[in-house]
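2 protein chains.
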Amino acid sequence: MSLLVVGSVALDHVEAPAGSIEDALGGAACYAAVAASYFTRVHPVGVAGHDFPQAHLDFLAAKGIDVSGIERADGPTFRWRGRYHESLNRRDTLLTELGVFEHFEPKLSDAQRACDWVFLANIHPGLQLGVVEQTASPRFVAMDSMNLWIDTTRAELLEVLRRVDCAVLNDEEALQLTEESNLVRAAEGIRELGPSTVIIKRGEHGALLFDAEGIFAAPAFPLREVVDPTGAGDCFAGGFMGSLAREGATDAGALRRAVVHGSTVASFCVERFSLDRFRDLEAAEIDARFAAFRELTRF
Amino acid sequence: MSLLVVGSVALDHVEAPAGSIEDALGGAACYAAVAASYFTRVHPVGVAGHDFPQAHLDFLAAKGIDVSGIERADGPTFRWRGRYHESLNRRDTLLTELGVFEHFEPKLSDAQRACDWVFLANIHPGLQLGVVEQTASPRFVAMDSMNLWIDTTRAELLEVLRRVDCAVLNDEEALQLTEESNLVRAAEGIRELGPSTVIIKRGEHGALLFDAEGIFAAPAFPLREVVDPTGAGDCFAGGFMGSLAREGATDAGALRRAVVHGSTVASFCVERFSLDRFRDLEAAEIDARFAAFRELTRF
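Protein chains in written order, with numbering that gives the first Met the number 0: chain A, 0 to 298; chain B, 0 to 298.
Be aware that a few hints might be false.
[As the list claims (entries may be wrong)] Listed below are several chain A residues computed to face chain B (Cβ distance under 10 Å; list not exhaustive):
#, residue
1, Leu174
2, Pro221
3, Ala291
[What the hints assert, rightly or not] Sample of chain A residues lacking proximity to chain B, with all beta carbon distances greater than 12 Å (derived):
#, residue
4, Ser19
5, Gly48
6, Gly63
7, Val66
8, Thr92
9, Lys106
10, Val131
11, Ala135
12, Ser136
13, Ala154
14, Glu155
15, Leu157
16, Gly202
17, Pro218
18, Glu294
Simulated from the structure, these hints should not be mistaken for lab results. Where a beta carbon is used, it is the ideal one built from N, C-alpha and C, also for glycine.
Build the full structure now, drawing on both the sequences and the hints.
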């Protein structure tokens with residue numbers, strides 16, 4: 000069961016209390032693809048510029064990811080530069096240069112169209128719609144978004160929501176989208192807009208899953224040290240979708256296990272800069288931490 | 000197994016998006032005592048002024064609480080007035096008048112001294128120490144505190160921590176006390192100061208329990224409507240201590256169930272102003288929500 004991931008490919012410059020990193024592999028499509036690669040075959044679709052290091056593509060390929068969908072365009076790669084505060088809960092974006100990402104228009108190959116599982120990472124909702132229209136008949140489509148699109152392209156975003164099975168948003172986005180002050184009402188409101196499943200990401204506070212069967216609350220894994228929170232939400236979504244694809248199921252039990260798998264890979268992601276934690280992360284470590292989640296929440 | 004609770008008795012004026020309430024029953028000792036009353040016999044120790052309505056004492060007594068330890072002093076009751084923001088995550092304190100609480104000096108009766116279970120709500124650590132010294136040989140003593148005491152009476156607070164079994168603090172207090180930026184390290188640091196059990200309250204994000212066996216994460220119960228968050232943390236502590244007292248046990252399993260019982264009563268507390276939700280709350284509703292917590296976290 001293959002997973003299609005459409006989103007950004009980026010070079011990140013991150014400054015955090017633990018240090019800094021330059022020209023690091025980033026972008027939602029890369030974070031989600033690497034996280035999902037522990038569960039299923041992943042086909043990311045995105046665009047890189049002339050300055051994108053071959054070593055980053057080699058790393059993705061070594062994870063078993065099909066890198067043929069990462070187009071190489073003539074121009075600079077999307078660059079993001081951010082600085083985290085001491086608490087890591089807040090960050091300042093110092094620079095966003097879209098580069099070749101500005102004119103990104105995802106065109107799917109036959110193999111990509113045929114994917115049963117689709118994750119639309121945070122890109123312009125018009126592009127998300129275009130991807131949905133190119134797909135054949137996927138079993139489960141999930142989408143992410145951001146405050147910018149809620150503000151500026153609300154109509155297209157609502158159309159995307161009508162067409163997907165699952166929305167994965169953070170708490171602020173969910174409240175903003177529904178103009179609610181309560182997360183439960185916000186999630187119910189989003190379900191009424193289309194997706195039968197809504198996931199609210201709350202960073203270090205975990206995630207809430209809302210589906211036809213009720214609510215599931217998963218904590219974030221408590222860590223003694225967090226180095227770089229960048230991409231944790233995308234890793235969560237990648238692990239979530241990868242877990243569903245591996246199980247080949249979307250019942251309530253599969254959705255809950257997928258949320259915990261998403262939380263598990265996200266917890267590894269933040270232990271090092273960029274995607275570095277996944278350079279040597281073994282599948283057995285994911286299984287062990289999934290089991291630790293059971294112990295963490297058992298009563 | 001009786002529970003001693005020492006802390007404030009107050010008249011609250013609360014303004015929130017859902018409305019407002021005046022001269023309402025408040026104070027940490029009252030919130031904790033009412034929450035604990037669903038599990039065990041409670042002996043609150045505190046001081047009320049001449050203006051404290053008899054109806055509030057009658058309500059406590061009707062809950063089976065021993066109100067003989069609530070001294071009636073000549074002067075005004077401690078008054079707190081606060082206003083919540085739209086999101087309910089933030090509030091402004093508009094007024095704090097200590098009244099008779101300023102000269103509160105807890106003196107325990109024989110029955111109070113003999114209690115096996117002790118909760119020292121947020122009062123001056125010097126008073127908390129005085130209570131510990133008056134008790135006979137309690138099985139389990141828990142304490143709360145606040146940023147003011149961490150700032151101004153640190154030495155006495157550290158002495159309290161050396162003498163108790165459990166610290167119940169919110170996330171900001173735990174970080175401030177240990178000068179840490181990470182909650183896991185903060186909790187470990189507090190355990191090194193004395194208490195074998197540390198609970199970090201995170202409001203709508205739930206609670207974390209740290210003990211010799213590891214970490215337990217409990218979510219807050221997701222509610223469609225929150226009316227008044229005042230006293231939720233004190234209800235949590237009261238439910239936690241009451242549950243331990245009822246089980247007569249402090250092993251890892253009992254501590255985890257106690258955290259969920261604390262979260263359960265706290266979730267009822269915020270559904271109405273002041274302690275009003277407990278006027279008609281039945282024990283069966285607590286059992287049902289405890290079961291719902293299992294469903295909420297099962298995977």
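Each hint, compared with the structure:
For the restraint placing A/Leu174 at the interface with chain B, the shortest Cβ-Cβ distance is roughly 8 Å, inside the 10 Å limit, so the hint holds. Below 10 Å, beta-carbon pairs count as interface contacts, and A/Pro221 has one with chain B at about 5 Å; its hint therefore holds. The beta carbon of A/Ala291 is positioned within 10 Å of a beta carbon in chain B (closest approach about 9 Å), and the interface hint is therefore held. Taking the minimum C-beta to C-beta distance to chain B, about 17 Å, the non-interface status of A/Ser19 holds against the 12 Å cut.
Listed as outside the interface, A/Gly48 is consistent with that label: its C-beta sits roughly 36 Å from the nearest C-beta of chain B, beyond the 12 Å cut-off. Residue-level check passed: A/Gly63 sits 26 Å from the nearest beta carbon of chain B, beyond 12 Å. No beta-carbon of chain B is positioned within 12 Å of the beta-carbon of A/Val66; the least distance is around 33 Å. With a cut of 12 Å on Cβ distances, A/Thr92 stays outside the contact zone with chain B, its closest approach being about 21 Å.
No beta-carbon of chain B comes within 12 Å of the beta-carbon of A/Lys106; the shortest separation is about 38 Å. Residue-level check passed: A/Val131 sits 29 Å from the nearest beta carbon of chain B, beyond 12 Å. Every Cβ of chain B is farther than 12 Å from the Cβ of A/Ala135; the closest lies at roughly 31 Å, confirming the non-interface assignment. For A/Ser136, the requirement that its beta carbon stay farther than 12 Å from each beta carbon of chain B is met, with the minimum near 29 Å.
At roughly 26 Å from the closest C-beta of chain B, the C-beta of A/Ala154 stays outside 12 Å, upholding its exclusion from the interface. Its beta-carbon lying about 28 Å from the closest one in chain B, A/Glu155 satisfies the requirement of being farther than 12 Å from that chain. No Cβ of chain B approaches the Cβ of A/Leu157 within 12 Å, the least distance being about 23 Å, so the stated non-interface status holds. Not every beta carbon of chain B lies more than 12 Å from that of A/Gly202, the smallest distance being close to 10 Å; the non-interface claim is violated.
Distance check for A/Pro218 against chain B: the nearest CB is about 4 Å away, which does not clear 12 Å, and the non-interface claim fails. With 12 Å as the threshold on Cβ separation, the claim that A/Glu294 sits away from chain B is violated: the shortest Cβ distance comes to roughly 7 Å.
Hint compliance for this structure: hints 16, 17, 18 are not met, and every other hint is.
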